[in-house]
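Q: Given the structure of chain A, go ahead and fit chain B onto it with the hints provided.
Sequence order for the protein chains is A and B.
Residue 1 is where the first sequence starts when you use the working numbering, and the numbers rise one by one after that.
Residue 1 is where the second sequence starts when you use the working numbering, and the numbers rise one by one after that.
Hint data in this document are derived by calculation from the structure and do not stem from the laboratory.
All values reported here derive from a predicted model rather than from experimental measurement.
It is possible that part of the hints are untrue.
Between beta-carbon pairs, the in silico distance windows are [to be verified]:
1. A:T112 / B:T26: 28 to 36 angstroms
2. A:A66 / B:D58: 45 to 53 angstroms
3. A:R90 / B:D445: 48 to 56 angstroms
4. A:T72 / B:P167: 13 to 21 angstroms
5. B:D418 / A:T108: 53 to 61 angstroms
Residues on chain A that point at chain B, a partial pick, calculated with CB under 7 angstroms [to be verified]:
6. P2
7. D4
8. D25
9. R33
10. V36
11. M37
12. F46
13. L85
14. D86
15. D89
16. R90
Reference listing, derived: stretches of chain B covered by chain A, where coverage requires no fewer than 3 residues with Cβ under 8 angstroms from a Cβ of chain A [unchecked claim]:
17. 31 to 40
18. 87 to 93
Think of the CB as a built atom: it goes at the ideal place given N, C-alpha and C, for glycine as much as any other residue.
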Amino acid sequence: MPKDLVMIPDKSGPVNFNITDQSEDTGLMLLQRLYVMLLSDPQIGFRDSDGGQTLLRFLDGANIPADSLMATYLALGCSTAVSMLDQEDRQHIESFTGSCTNGIITCTLVLTDGTTIQGQLNNG
Amino acid sequence: MADYIEPTKTSFNAAEQVAIDAVQQTANDLLTRTGSVIRELIIRPIAYLLSWASGNVDNSIRQYSIAYLKTSQRTENPVADLVASNYFVERREATPSKGIITLTLSSNTLTIAAGARFTVAGNQVCTTVRYIVTDSPGTDSDTLVYIRAIPSGSNYLANIPVVAVNPGPLELPVVSTVNLNFSCATFVAADLTSPITGGTGTETDAELMKRAEYNTAAAGIGTYYGLKKKLDKAPVNVFGLSVIAGEDKPLFRARFNSVNINPGGYVDCHVKTSNQAVTEAVNVPIALMSGSTTMYTATIPSTLCPGFILVDSVIAGGVKPAYYTVTYGTDDNTTNAAGARLSDQQNAVINFPTTNIPEGTTTADIYLTYMPGVHQLQQYMDQDTEHFIGQDIKVKAAVPVALKINCAVHCDRELEDDEITGIKQAIVDYVNSMTVGTGVINFSDIRASVLVSFPDVDLRLPCVITGDVYTTDGHIDTLYSNTGIFDIRNSPNTNYWGYQVCFFSACVDNVRLNVI
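Isolated chain A (complex conformation):
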């Protein structure tokens, strides 16, 4: 099974990273790749998307909006994030959804084999 490097931000800051570990490509790693896509700009960098919206564009320079508005943003962002993945990854995904409560985003990835993985994003 292929391995990816795990890079965790050492401090607050956009470029200061340390490589801390490596991990097998599990469902959790796939969720992390979806997070990367969720926070990437689909308009630049030659992404294989149709130019949909991601969470980055909604959150850029702003506070997290109201939960009801975030629900719409997350629906669009999750859909775009899946479309930006490689076909090999997309074929394992049954659904990828997000919800927001009190500023904490919970993403739920359901794989075709029935596995459900949940993760949280917050403004730390």
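A: Just chain B now, kept in the frame of chain A:
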């Protein structure tokens, strides 16, 4: 430096695949999928650099090619300058157009300061030296020029040379409105008597490459390219030329011998030094014709206005005679008048009736239409360093055919006034860039030329083109075409100048667009 371009998605994807393959060859268990750390932080940046570099190398190669630069209308491009320097050619800077404004004054004296401004059809022109209008001109200097006041009825005329304030290819016809931007108590009227013309814009990449091409073309002596290359270094700007040699019909002087056969070595070079013909007034003495009391005669020596095309008008004692006749002659006894016509060895005798001309009038002001610089170019060609041994090269004026163009224009959106002017300018630029001796102008070519600058603008028929064609004896005929094709090559009138020595000329005021 060349302009940078961003990679295309196709080239980025190809480079990304190369980088993925390279990573997987080294460590095939590393995850390279979209969103993985290696893909996002290593492969994608490398793919961008790879595709950027290869795309820009290809682009630079293209931008350094003469074929590409010949399509570029840019006037600032270090790449084109570098390419041109390989052929010992440098970009020419813009030069201003020049013309003559005739002031009608109630008095015969006036001083005009250097830099005095006039507005001609909305464009600023000015004097470059101080002019003093007077009855008795003194000696000119670099900063002071005397202009003779010409009596005209109860007023006086003064011909003031002016230049455009801004350098560039400004073309204004003689019908343009003239206003003074300074006070003048004796002012009655102002007219443009010689068109504002002769200015050039900063040379475009395409023009620069064309000159580079001349420097590499086979430049045989007495050929188009040979003369073009030589005249490129002449003190007068030559916009275009036509070479008449060998058995060409207009080469009259070569057949001026007892057997009427061209012995070889004769070349006539008709030069276009201005997009429009220029008008100048010369003052010459008049006298009663020998044995006549009713006709005056005046001689225009070859040095006064070398190679003039025709006599525009005559004023003697403030009066225009009822008619005048012009007989062209030559200073050169090796040829006849036809052979010397349009060259700096052409002279002319003008006869006109004495009727209404005040008694005691001793001079006449004669307005001549001509192409500037014929004499200077002949002198240049006669220098030992420039002269082709064994060839007799005569510099002559090329003859303009001033066009008026009226056509329809369509655009899916509303056209702004600036755009209409721009379209007219594009038409004028096309007409004025045509080679001397082309002989035919086609609406479809005008349309294609405009499309380059205005891709969403469609010129449409009907297109009416009228052209003022000069006759060899100094008259003007107006020809008309409503087919979109204006052709002067097969004229039934043998008195017209051969199309080989003619060029088409246009200015914005003579282009009319009907928006449909």
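Q: Checking against the hints above, which ones are violated?
A: 4, 16 and 18
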